[in-house]
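Chemist: For the record, the sequence lines run as chains A and B.
FYI, the numbering for the first sequence is -8 to 103, going by the numbering used here.
FYI, the numbering for the second sequence is 2 to 115, going by the numbering used here.
Hints are computed from structural coordinates only; laboratory data are not their basis.
It should be emphasised that the depicted structure is a prediction, and the values quoted were computed from it without experimental measurement.
Among these hints, one or two may not hold up.
[Unchecked claim] Each pair of labels, with its calculated beta carbon distance range:
no.: 1; chain 1: B; residue 1: 114; chain 2: A; residue 2: 44; range: 42 to 52 Å
no.: 2; chain 1: A; residue 1: 1; chain 2: B; residue 2: 6; range: 31 to 41 Å
no.: 3; chain 1: B; residue 1: 112; chain 2: A; residue 2: 29; range: 16 to 26 Å
no.: 4; chain 1: A; residue 1: -8; chain 2: B; residue 2: 6; range: 26 to 36 Å
no.: 5; chain 1: B; residue 1: 4; chain 2: A; residue 2: 87; range: 25 to 35 Å
no.: 6; chain 1: A; residue 1: -4; chain 2: B; residue 2: 41; range: 17 to 27 Å
no.: 7; chain 1: A; residue 1: 19; chain 2: B; residue 2: 82; range: 39 to 49 Å
no.: 8; chain 1: A; residue 1: 72; chain 2: B; residue 2: 10; range: 29 to 39 Å
[Said to hold, decoys possible] A short, non-exhaustive set of chain B residues, derived as facing chain A with CB atoms under 10 Å:
no.: 9; residue: 5
no.: 10; residue: 33
no.: 11; residue: 42
no.: 12; residue: 43
no.: 13; residue: 47
no.: 14; residue: 94
no.: 15; residue: 101
no.: 16; residue: 103
no.: 17; residue: 105
no.: 18; residue: 106
Note that CB positions come from ideal geometry on N, CA and C, so glycine has one too.
Listed below are the residues making up each chain.
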Amino acid sequence: GPKVLQIPSHQIIDMGQMVTLNCDPVSNHLYFYWYKQILGQQMEFLVNFYNGKVMEKSKLFKDQFSVERPDGSYFTLKIQPTALEDSAVYFCASSLDGDTQYFGPGTRLLVL
Amino acid sequence: GEQVEQLPSILRVQEGSSASINCSYEDSASNYFPWYKQEPGENPKLIIDIRSNMERKQIQELIVLLDKKAKRFSLHITDTQPGDSAMYFCAAIIASSSFSKLVFGQGTSLSVVP
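Could you put the whole structure together from the sequences, leaning on the hints where they help?
Modeler: This is how it looks when you write it as structure tokens:
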């Protein structure tokens, strides 16, 4: 199926530092998403992004979170500052039609 | 509501038999129901989906059923193989929100034993 790429695959940082997670969505897709998965649990929606704007965010999308996709480059999730409870796997997804979503390989974030 | 309930959480079946996973949703406006398979350390991979204008869809050994009245949908894997062992997640598009988002069930850990 369509490939979504994510960089880095793993990130270890100290609490309070900033981290940026990068997503390279499928080239002709229009809708972009971030989901958070804690070990052994389901993916939980964080935010969706369309036409350069955040369309909806969940309660998990704290004030310390932000997303952007400057000039059609990477779709990024920035956390500043990070907290211990931000440790999780973050999945980016993209969609052409707003329904069928394809997930990237995830970034495993560990906040110490 | 936006909950998607998924059962069972753990399922162990004999190779060659069938496996069934059931999900229910709350939002009657939901119109798209994908199923994802996730192996350890991997991303969720879309394996089959169904839209609300259908009641049944089959791709090879995967069958999904949708009962809109009861707000339930299910995945059936016929002739299971060890390679089917993984986590399976159902999801529903929550259409009542301002923009589409997937709400996932809690997942089913399927083990297919020889």
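Chemist: None of the hints should be skipped; say for each whether it holds.
Modeler: Evaluated hints:
1. B/114 x A/44: 42 to 52 Å: 49 Å, holds
2. A/1 x B/6: 31 to 41 Å: 32 Å, holds
3. B/112 x A/29: 16 to 26 Å: 22 Å, holds
4. A/-8 x B/6: 26 to 36 Å: Roughly 27 Å apart at Cβ, these two residues keep to the hinted range, so it holds.
5. B/4 x A/87: 25 to 35 Å: 27 Å, holds
6. A/-4 x B/41: 17 to 27 Å: Holds: the Cβ-Cβ distance is about 20 Å, inside 17 to 27 Å.
7. A/19 x B/82: 39 to 49 Å: 34 Å, violated
8. A/72 x B/10: 29 to 39 Å: Holds, at about 35 Å.
9. 5: Holds - the Cβ of residue 5 of chain B comes within 10 Å of chain A, reaching about 9 Å at its closest.
10. 33: Status holds, d = 4 Å.
11. 42: 9 Å, holds
12. 43: 7 Å, holds
13. 47: Status holds, d = 7 Å.
14. 94: 6 Å, holds
15. 101: With a closest approach of 5 Å, the residue 101 of chain B hint holds.
16. 103: 6 Å, holds
17. 105: Result: holds, 4 Å to nearest chain A Cβ.
18. 106: 6 Å, holds
In summary, the one numbered hint that this structure violates is 7.
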